[in-house]
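Enquirer: Sequence:
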Amino acid sequence: MEQLEFIIDLSVSGERLDKAVSLLCENISRSSAQTLIEDGNILVNNKVANKKTSLKEGDCVTINLPEPKELDVTPENIPLDIVYEDEHLLVVNKPKGMVVHPAAGNYNGTLVNALLYHCGDSLSGINGVIRPGIVHRIDKDTSGLLIVAKTDVAHKGLAEQIKEHSFKREYRTVVVGNIKDDRGTIDAPIGRHPKDRKKQAVTDKNSRNAITHYEVIERFNGFTFLRVILETGRTHQIRVHMSYRGNPVAGDTVYGNAKKTYGLEGQCLHAAVIGFVHPITNEYLEFESDLPDYFTDFLKRIS
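Residue numbers for the sequence shown follow this note's numbering, beginning at 155 and rising by one.
These are computed hints drawn from the structure, not numbers from a lab. Check before you lean on any hint, since a few could be wrong.
[Unchecked claim] Using 20 Å as the maximum straight-line C-alpha spacing, the simulated SDA-like pairs for lysine to any residue come out as follows: (1) LYS206 - ASP193; (2) LYS317 - ASN363; (3) LYS334 - GLU369; (4) LYS205 - ASP235; (5) LYS205 - ASN195; (6) LYS334 - ARG381; (7) LYS353 - THR407; (8) LYS310 - LYS334; (9) LYS454 - VAL408; (10) LYS205 - GLN157; (11) LYS206 - THR216; (12) LYS317 - LYS334; (13) LYS317 - GLU156.
[To be verified] Label pairs and their computed distance ranges (CB to CB): (14) TYR238 - HIS367: 22 to 32 Å; (15) PHE374 - ASN218: 27 to 37 Å; (16) TYR438 - ASN363: 18 to 28 Å; (17) SER320 - ARG184: 38 to 48 Å; (18) LYS349 - GLU437: 40 to 50 Å; (19) ASP240 - GLU318: 21 to 31 Å; (20) ASP193 - LYS334: 19 to 29 Å; (21) GLY417 - ASN332: 17 to 27 Å.
Treat the numbers as computed from the prediction; the structure is a model and nothing was measured. Even glycine gets a Cβ: it sits at the ideal position worked out from N, Cα and C.
All chains should be built: construct the whole structure from the sequences, respecting the hints.
Expert: Take a look at the structure:
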């Protein structure tokens, strides 16, 4: 059972418990919060509460999340662009538009469905049936390299490298606006958006440190082509940080202008390089993915 704990701040002070939980946790809807409260899985200051409990600044909310009921994920014969594979792990080049693992509204056609067909039972079981082998994720509309663990030992070794920030992840992106500095660093904590639980934001409340390094590759009229290196790996980190800087990723209608797609279907963001120490052989491996067609076509249009 997973346990989450929050100290209530002014952003949710005065809210009902069920609403506050849905605001604090993007994966918990208000109705789900009500069910958790009814089952005694949400406590306020270590005491059982009800959904109408009004929260005060400084209150401690503890959420006990029961083990999820696993779905029967079906293997699907979906072609995979595998750039490396051995008996312990594989590196796959995910296309834009593919969801990594099944979730509400996307139970088929995901990377996991494809992996189950390709690997059979040879996938790490650490993340359960829904996310077998998935060590880290990239967004549906972000293309590029993703590492998958076949064994639990490999999974633990890779996860530790991510935790220690020794896992190399380098992206290519086009952002809106002209960045004058040739390179820079964005060091700003990221947490849940105070008003939209489906989004992330730069905030000092219930957040974690987040560091993004960027370097200009080329400047165009109204756009900048960047190399971006993640020092940390928070949800939507590049998209949030570039928007915070005032240069949202082109095509990002969530953190940028919702009405301006620039002819793109989702953000222009590609996971181009991945590097790590093989958890079994201790050999350093690094792979690079060429820019996909949607990315190069956009560069041609703006150049």
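Enquirer: Hint by hint, note whether the structure agrees.
Expert: Checked hints:
Restraint check for LYS206 and ASP193: satisfied, since their Cα atoms lie roughly 15 Å apart, inside the 20 Å limit. Annotation: proposed proximity of LYS317 to ASN363 holds, straight-line Cα distance about 13 Å (limit 20 Å). For the hint pairing LYS334 with GLU369, the CA-to-CA distance comes to about 11 Å; that is within 20 Å, so the pair holds. The straight-line distance between the Cα atoms of LYS205 and ASP235 is roughly 47 Å, outside the 20 Å bound, and the hint therefore fails.
Note on LYS205 and ASN195: the hinted pairing holds, with a Cα-Cα distance of about 12 Å set against a maximum of 20 Å. Taking the CA atoms of LYS334 and ARG381, the gap is near 14 Å; set against the 20 Å cutoff, the hint holds. Between LYS353 and THR407, the direct Cα distance comes to roughly 12 Å. Compliance with the 20 Å bound is thereby established for this hinted pair. Note on LYS310 and LYS334: the hinted pairing is violated, with a Cα-Cα distance of about 41 Å set against a maximum of 20 Å.
With a CA separation close to 24 Å, the supplied pair LYS454 and VAL408 exceeds the 20 Å bound. Of the pairs offered as hints, the one joining LYS205 and GLN157 holds, with about 19 Å between alpha carbons and a cut-off of 20 Å not exceeded. Proximity of LYS206 to THR216 is assessed by CA-CA distance (about 16 Å); at most 20 Å being required, the pair is judged to hold. Note on LYS317 and LYS334: the hinted pairing is violated, with a Cα-Cα distance of about 32 Å set against a maximum of 20 Å.
The straight-line distance between the Cα atoms of LYS317 and GLU156 is roughly 18 Å, inside the 20 Å bound, and the hint therefore holds. Between TYR238 and HIS367 the beta carbons are some 25 Å apart, a value that agrees with the proposed interval 22 to 32 Å. A hinted range of 27 to 37 Å is violated for the C-beta pair PHE374 and ASN218, which are about 51 Å apart. Distance hint check for TYR438 and ASN363: the Cβ-Cβ separation is about 26 Å, which falls inside the suggested range of 18 to 28 Å.
SER320 and ARG184 have their C-beta atoms about 39 Å apart, which keeps the hinted 38 to 48 Å range intact. The supplied range of 40 to 50 Å is met by LYS349 and GLU437, whose beta-carbon atoms lie about 47 Å from each other. Judged by the Cβ atoms, the range 21 to 31 Å given for ASP240 and GLU318 holds: they are separated by roughly 23 Å. A C-beta distance of roughly 54 Å is found between ASP193 and LYS334, which places it outside the suggested range of 19 to 29 Å.
A hinted range of 17 to 27 Å holds for the C-beta pair GLY417 and ASN332, which are about 20 Å apart.
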